[in-house]
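Chemist: Letter by letter, the chains look like this.
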Amino acid sequence: MSGYALEIALTVNGERVSERVDARKTLVDFLREDLALTGSHVGCEHGVCGACTVRVDGEIVRGCLMLAAQCDGATVDTIEGMSDSGEIADLQAAFEQRNALQCGYCTPGMLAAAQDLLKRGAVPSRDDIREHLSGNYCRCTGYHAIVDAVEAVAQARAKGR
Amino acid sequence: MNLLGTVRIDLPAFPVTIRKKRGRHVKPAPFAYKKVRSLDEAVALLGEKDAKLLAGGQSLIATLNMRLSSPSLLIDINGLDGLSSISGKGGAVEIGALARHAQAERSDVIAKHAPLIARAMPHIGHPAIRNRGTVGGSIAFADPAAELPACLLALDGEVDATGPKGKRTIKAQDFFRGLFETALAPQEVLTAIRVPAADKGARVGFAELARRHGDYAIVGLAASARADGKGLSDVRLAYFGVGNTPVRAKKAEAALASGNIDAAVAALDLDPNDDVQATARVKKHLAGVLLRRVAKQLLEAGS
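Order-wise, the sequence lines are chains W and D. Just so we're aligned: the first sequence equals residues 3 to 163 in our numbering. Just so we're aligned: the second sequence equals residues -16 to 286 in our numbering.
Since the hints were derived computationally from the structure, they do not count as laboratory data. Fair warning: this is a prediction, and the values are worked out from it, not measured in the lab. Misleading hints may appear alongside valid ones.
[What the hints assert, rightly or not] So the derived label-pair ranges between C-beta atoms look like this:
#1 D:12 with W:163: 49 to 55 Å
#2 D:12 with W:22: 17 to 23 Å
#3 D:252 with W:162: 31 to 37 Å
Note that the Cβ used here is the ideal one computed from N, Cα and C, for glycine as well.
All chains, full assembly: derive it from the sequences and hints.
Modeler: In structure tokens:
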């Protein structure tokens, strides 16, 4: 497999996708432009802001720092998939209840990063939450409400087990 | 719907039907992409003009997006077997070049036998970055503000590289040559790094100041030493973020070995430049602050 454009086949939010992509196209641009999955946002485009956070093969990555061509054969989950499957419904509700977002630009990435921490199972400390979300910028909330929301969901999930 | 807008997205039941549209937005300049299946293939392709290796891509793709770099060919080595193991071998810890940062962070071998690297790991980027970024990539990229090059220098480690003439090993002190410049020849591929396994007398220390946890350091310090009675010997202080490469502070090392922390701070002979994060004067001050913190770690038994 080589060239300026490549055929890739991957699974996005449970759906098989085959596309021809420019080698230079990043994963997040591919998701947004070729698949119209615009929930993943494009902020800084050099790995600093975290707005483009998606899951590739179960692990969160920067959608702007991976090429679509590298995702041949991969399983990708975006905020659309995580939302529609109900996986993060409690987290979304907590963000809403606690005003853990204003403009919402960072929210898809923030939710993906928070879920990555929560699915490990333990109840993280507030410091752990802050550290895990340190790669996701939010310019509205001051983070406090986000930490509150993530902490509340961690505790609720622990009780529910 | 709530006052803030649409948090919950009301879309059809899973799975989402993907609507296709054609987008033309790309940031990087055009390049060809080749996923290689062998090290030999990677070495051969590096002979092509302006070819670059793609490992974790966490620095490279950022530079492509900003067009600070415009290679003709990206050689994706992520599929290569045998380059991502972490193991203890003959008194050393060997880390394959393609070991991800997250893998090193979780590694029992590193936690037990390379505690300096274990301490540095959480400072390298953020979880999403560490899931992709590779140990070999950090060393080969040689960012002067990065953690791992300084750890390699502090531990007196070495690097394995394979090129058209075969394999060779390069000591850390000979590896970092200048700003983003290493001893690797154009067609050489870094395949592994090795550091001595920590034994009972080994002491390590690590501290870093960054604007935000996980960002590149304003100043950082990776250190190793040997416990010698109540004091220290073989002190190695490797600063990062204060020069074009990781930098040893040799005068301070000697002073610290003699047990005098104040003298060690006074002996710091660093010559940082101003950068976007801090002035040289601030960096020099912070280097002293970090030295006090790290000295404390080195002097604690069982560090």
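Chemist: Which hints from the list above does the structure break, by number from lowest to highest?
Modeler: The structure breaks only hint 3.
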